[in-house]
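Enquirer: Chain by chain, the residues:
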Amino acid sequence: MDATHLPEVTAAGVIIKAVLILAVIAAIAGFGTYIERKILAFMQRRYGPQHVGPYGLLQLVADGIKLFTKEDIIPQHANKIIFAVAPVITAATAFIALAAVPVFPDFTIPFIDVYVPSIASDINIGILFVLGMMAAGLYGPLLAGMAQANKWGIIGSARTAIQFLSYEVVTGLSILAPIMMVGSLSFVDFNDYQADGTWLVVYQPVAFILFLIAGFAETNRTPFDLLEHEAEIISGYVTEYSGMRWGLFFIGEYANMITIGVIASVVFLGGYNDFWIFPGWLMIIGKIAFSFFFMLWVRAAWPHVRPDQLMWLCWKVLMPLAVVNVVITGIVIMLVQ
Amino acid sequence: MSLEQFKNRNVGTQNYKTLDLDHTPVTGMGQFKQVVSRTFKPELFVGLWVTFREMINALFRGKMHTTQYPFEKLPISPRYRAIHDMLRLLESGHYRCIGCGLCEKICISNCITMDTQYDENQRKEVSEYTINFGRCIFCGYCAEVCPELAIVHGPRYETASEQRASFSLFEDMLTPIDQLNLQQEYQGFGAISPNADENIKKTPLAY
Numbered sequence: 001m002d003a004t005h006l007p008e009v010t011a012a013g014v015i016i017k018a019v020l021i022l023a024v025i026a027a028i029a030g031f032g033t034y035i036e037r038k039i040l041a042f043m044q045r046r047y048g049p050q051h052v053g054p055y056g057l058l059q060l061v062a063d064g065i066k067l068f069t070k071e072d073i074i075p076q077h078a079n080k081i082i083f084a085v086a087p088v089i090t091a092a093t094a095f096i097a098l099a100a101v102p103v104f105p106d107f108t109i110p111f112i113d114v115y116v117p118s119i120a121s122d123i124n125i126g127i128l129f130v131l132g133m134m135a136a137g138l139y140g141p142l143l144a145g146m147a148q149a150n151k152w153g154i155i156g157s158a159r160t161a162i163q164f165l166s167y168e169v170v171t172g173l174s175i176l177a178p179i180m181m182v183g184s185l186s187f188v189d190f191n192d193y194q195a196d197g198t199w200l201v202v203y204q205p206v207a208f209i210l211f212l213i214a215g216f217a218e219t220n221r222t223p224f225d226l227l228e229h230e231a232e233i234i235s236g237y238v239t240e241y242s243g244m245r246w247g248l249f250f251i252g253e254y255a256n257m258i259t260i261g262v263i264a265s266v267v268f269l270g271g272y273n274d275f276w277i278f279p280g281w282l283m284i285i286g287k288i289a290f291s292f293f294f295m296l297w298v299r300a301a302w303p304h305v306r307p308d309q310l311m312w313l314c315w316k317v318l319m320p321l322a323v324v325n326v327v328i329t330g331i332v333i334m335l336v337q
Numbered sequence: 001m002s003l004e005q006f007k008n009r010n011v012g013t014q015n016y017k018t019l020d021l022d023h024t025p026v027t028g029m030g031q032f033k034q035v036v037s038r039t040f041k042p043e044l045f046v047g048l049w050v051t052f053r054e055m056i057n058a059l060f061r062g063k064m065h066t067t068q069y070p071f072e073k074l075p076i077s078p079r080y081r082a083i084h085d086m087l088r089l090l091e092s093g094h095y096r097c098i099g100c101g102l103c104e105k106i107c108i109s110n111c112i113t114m115d116t117q118y119d120e121n122q123r124k125e126v127s128e129y130t131i132n133f134g135r136c137i138f139c140g141y142c143a144e145v146c147p148e149l150a151i152v153h154g155p156r157y158e159t160a161s162e163q164r165a166s167f168s169l170f171e172d173m174l175t176p177i178d179q180l181n182l183q184q185e186y187q188g189f190g191a192i193s194p195n196a197d198e199n200i201k202k203t204p205l206a207y
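As they're listed, the protein sequences go chains A and B.
Letter by letter, the first sequence follows residues 1 to 337 of the working numbering.
Letter by letter, the second sequence follows residues 1 to 207 of the working numbering.
Simulated from the structure, these hints should not be mistaken for laboratory data.
Misleading hints may appear alongside valid ones.
With beta-carbon atoms standing in for the labels, derived distance ranges [what the hints assert, rightly or not]:
#1 B/33 x A/285: 51 to 59 angstroms
#2 A/198 x B/42: 43 to 51 angstroms
#3 A/231 x B/108: 40 to 48 angstroms
#4 A/279 x B/53: 52 to 60 angstroms
#5 A/276 x B/23: 29 to 37 angstroms
#6 A/88 x B/22: 29 to 37 angstroms
#7 B/106 x A/303: 26 to 34 angstroms
#8 B/62 x A/111: 32 to 40 angstroms
Some chain A residues near chain B, calculated using beta-carbon distances under 10 angstroms [stated by the list, open to error]:
#9 47
#10 297
#11 301
#12 311
#13 315
#14 319
Cβ coordinates follow ideal geometry from the N, Cα and C atoms, glycine included.
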């Protein structure tokens with residue numbers, strides 16, 4: 001699609017888009033818990049939730065009612081303000097990050113003629129913004145763990161600091177090589193760069209794998225699920241949380257999973273370009289869905305790593321690999337031009 | 001393995017096979033090689049494949065492992081000692097109990113109470129028979145001592161109820177006369193469960 005033929009983006013369109021993202025992603029994040037429980041159950045040859053509604057589909061509603069009506073407990077010695085604000089940080093940053101990524105295809109609402117863009121805010125430093133927002137999200141677990149006057153929470157927030165901070169480095173460095181190739185920080189440019197059908201993962205397989213690993217660490221998914229490793233530290237930074245505040249952490253985590261899926265799809269896997277007979281919107285949804293499924297699949301298959309192994313992997317393997325990848329990419333670009 | 005070998009507990013002299021494990025690398029190059037070989041071994045993908053295969057098995061090949069308990073139940077071993085059953089004679093439909101009182105005598109927790117009298121044919125009949133399930137320890141002596149195989153342990157293990165008396169009267173435990181054809185004979189001590197064949201598996205080493 002040629003960018004010059006797109007209708008003008010109005011404020012009404014952006015607001016509609018923002019509401020759409022909030023509503024749909026929050027719903028998908030909630031629905032993701034159902035998907036996760038089902039997929040994990042199937043992989044362990046169980047049924048998963050199946051009694052509330054057809055195929056257990058209404059389990060989500062039941063869980064929501066439970067979360068909303070649970071008592072909101074704030075521990076006596078907790079720092080109450082920070083304790084209350086921390087989950088909001090996680091959820092809010094996750095959704096703010098989604099403001100700059102293309103989530104659904106663009107469309108025009110008939111009759112009132114409002115054009116709804118595919119990105120709520122197509123800023124030209126999209127990738128930086130998204131990564132920065134996801135990095136800011138680490139204040140949620142960090143403050144939550146330190147504010148709740150609980151030893152497990154403290155350990156959880158210490159792990160947050162080491163894990164998120166270290167893997168920010170790998171995320172940034174791994175995505176630097178594609179940025180050098182495309183020469184832009186905008187997601188739209190990334191998408192257009194791959195419009196000829198050659199995905200960037202073909203040129204940058206190492207960067208893709210590094211980004212995936214770092215993405216797992218940043219979304220706190222299972223091989224690197226150290227922040228709330230329930231077998232070791234009860235629930236880590238969410239030990240003292242209950243009810244809807246805990247639910248906000250959950251929604252934030254699932255929204256981050258979707259964001260990582262979107263970034264991986266747009267930057268490495270061809271974005272929302274048409275592919276063979278499949279239209280672009282179907283391709284992007286399919287890719288995001290697969291990356292979501294892949295995260296669940298990995299959770300079913302692979303064990304946790306220890307914190308020291310995690311640090312070892314980050315600083316001694318992934319970071320040097322990312323740097324070498326950036327250097328080689330730079331040399332190749334220099335030689336080709 | 002012969003009995004003599006089996007009885008040899010002298011572990012120092014037996015021939016054990018040691019597994020062919022790699023030694024921990026000591027040199028830097030050895031460590032580097034280990035890291036490289038571990039990095040490029042497809043073991044992680046084997047894990048992914050195993051879980052994916054199990055999902056396909058569960059969804060499409062009917063190998064779901066769950067027993068949806070209240071709706072479906074696994075067959076229970078005949079050795080299981082649950083709430084007692086009082087059996088009937090198949091020919092006449094009369095209850096088998098002859099009122100000998102052995103079960104009452106042998107019961108180590110004194111939970112069986114019975115009362116008998118002579119009927120018009122000068123045969124003993126049971127006028128009262130109760131088991132106090134608040135005391136019963138389900139030891140099975142009553143079933144073992146019964147000369148007529150009249151009192152046995154049944155398979156009824158769901159015994160949550162508002163009153164223990166719900167199970168404990170003679171009429172409750174007696175086989176209903178219209179279900180006489182369904183009455184299960186006691187298979188004896190040491191009987192195997194009806195699905196024993198299905199439960200035989202290869203040892204996990206075979207995977």
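Enquirer: For each hint, tell me whether it holds in the structure or not.
Expert: Now for the hints, and whether the structure bears them out:
| no. | hint | result |
| --- | --- | --- |
| 1 | B/33 x A/285: 51 to 59 angstroms | violated (43 angstroms) |
| 2 | A/198 x B/42: 43 to 51 angstroms | violated (26 angstroms) |
| 3 | A/231 x B/108: 40 to 48 angstroms | holds (44 angstroms) |
| 4 | A/279 x B/53: 52 to 60 angstroms | violated (32 angstroms) |
| 5 | A/276 x B/23: 29 to 37 angstroms | violated (51 angstroms) |
| 6 | A/88 x B/22: 29 to 37 angstroms | violated (51 angstroms) |
| 7 | B/106 x A/303: 26 to 34 angstroms | violated (54 angstroms) |
| 8 | B/62 x A/111: 32 to 40 angstroms | violated (51 angstroms) |
| 9 | 47 | holds (5 angstroms) |
| 10 | 297 | holds (6 angstroms) |
| 11 | 301 | holds (4 angstroms) |
| 12 | 311 | violated (15 angstroms) |
| 13 | 315 | violated (14 angstroms) |
| 14 | 319 | violated (15 angstroms) |
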